[in-house]
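Chains as they are written, first to last, in the working numbering: chain A, 1 to 246; chain B, 1 to 225.
Warning: the hint list may mix true and false statements.
Claimed, not checked - The calculated label-pair distances, taken between Cβ atoms and stated as ranges, are: (1) T67/A <-> N119/B: 56 to 66 Å; (2) I109/A <-> V59/B: 29 to 39 Å; (3) R39/A <-> V74/B: 36 to 46 Å; (4) N214/A <-> V59/B: 50 to 60 Å; (5) L203/B <-> V199/A: 36 to 46 Å.
Stated by the list, open to error - Interface residues of chain A toward chain B, partial, derived using beta-carbon atoms under 7 Å: (6) S50; (7) T53; (8) A64; (9) Q65; (10) G69; (11) Q165; (12) A189.
I should point out that these hints are in silico values taken from the structure, not numbers from a laboratory. Note that CB positions come from ideal geometry on N, CA and C, so glycine has one too.
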Amino acid sequence: MIRFALLFLLGGFSTPSAFSQEENLKIAVASNLSAPVERIKALYEEDFESTLTLIVASSGKLTAQITNGAPYDLFMSADMKYPEKVYEAGLAQQKPTIFVLGTLHFWTIRSEINSIDQQLRKARTIAIAQPNLAPYGAETRRWLQKQELWEEVKDKLVYGENISQVNQYIATKTVVAGFTSNSAQRIEAISQKGSWHEVPEAPPLPHGMVLLRNAEASQFAIDQFLEFMISPVAQKVFQDFGYQLP
Amino acid sequence: MTDIEWSPFWLSFKLASITTVSLFLISTPLIYSIYFHSKSIRTVLKAIISLPLVLPPTVLGYYLLLLLRPEGWVGQLSQQWFDTRLVFSFSGLVIGSIIFSLPFMVNPILSALENLPDNYREAAYTLGKSRWNTLIYVLLPNVKSSLWVGGVMTFAHTIGEFGVILMIGGSIPDETRVASIAIYNEVEMLHYANANIYAAILLLFSFIVLILVYLYQNQRPQGVI
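Given the sequences, and given the hints that come with them, work out the whole structure.
Okay, structure coming up:
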């Protein structure tokens, strides 16, 4: 058995290099951006030699990973706070730039509603993203506090680790209402269910992107991708998912 | 839905193989030092070995993160000596898995050794064998079935590892996105078709492993798990 295992061991060490011939960019992506960036990845890889690897989590979690030395090239956050934190910690090559703006959306299982307030009062469980890790969660809390609804709905909230998990609760209908991002309603698995409403008086969230100091990809590959990000092709994808351009 | 990626399975398989082989090598001297110690020290050592069984994976993951990160002392040493980053890397996962699966390898072997009649050991001593040689040539061959079970359980347990890897892995494809993490990821991305396939494969795998272990056990008089 040991002999077998050793064989695997040897095999294991020799294979990864076979994959890494071409350039690969590791991009840390905030959950709400996963669907558009996945599409951009597909378009990008059709036209260019290099490949993209997406690591999707909440902006807060990705920031924690980056501070702990995660080997990512780029960081696309759902806000400006986290990339600025990364920059201030000396882990970025330059100041973060705004690349899209997202908006908070409200989803409910009912097809017709009078107002969000009323729905919130009726709902038994409401999903939001964790305010301490996910910018859309923080924005939701801010909004609920401003509308003086926080105290009232606090006990009915269930927290997703990030926006994807909130979307997952929506897709499986485990909650009757939830606050998510504009991109969610364009995702096939959940677009058909319930109804969607832009949250009134919630300001657009500027999403920041930053080039990381730990970047392992070549400057050429990074520039090529950044150029693609501001090309009409990529910008259209973001618009299709309901993002505003700065 | 996106295409099915098979690399998480390959990665899990690689991690489990390396962990099992490493633990095989680490366990023998460890078992030696526990088995030949006095009873009171043995109790403490056994408790330490079994810690990963009861410790929440997040606790283990947290301590590992503190140790392995670039500012942690293990992380710093590996950076200076081998120029490799441990956290969010495959090597880091191997370290984590070895600690996490340690009791699965050591415990079955140790309890089988303790059930062996003392006269095996004593007979070896009278024939002039040292403790080490007694362990390797007399005692371990007598608990061969437990060695097998220890190995298989370590392998299976590493395949199913999740919490620790979630904390120190970072879900990087081809590097730290093992099968269990890939399922979590696919579910979060609402790729249920992929998640179904991944989950079904792991379910089948776990079931087959247990069937094999129990079949093997049925042929032996003495229970091993």
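*Can you list which hints this structure breaks, lowest number first?*
4, 6 and 8
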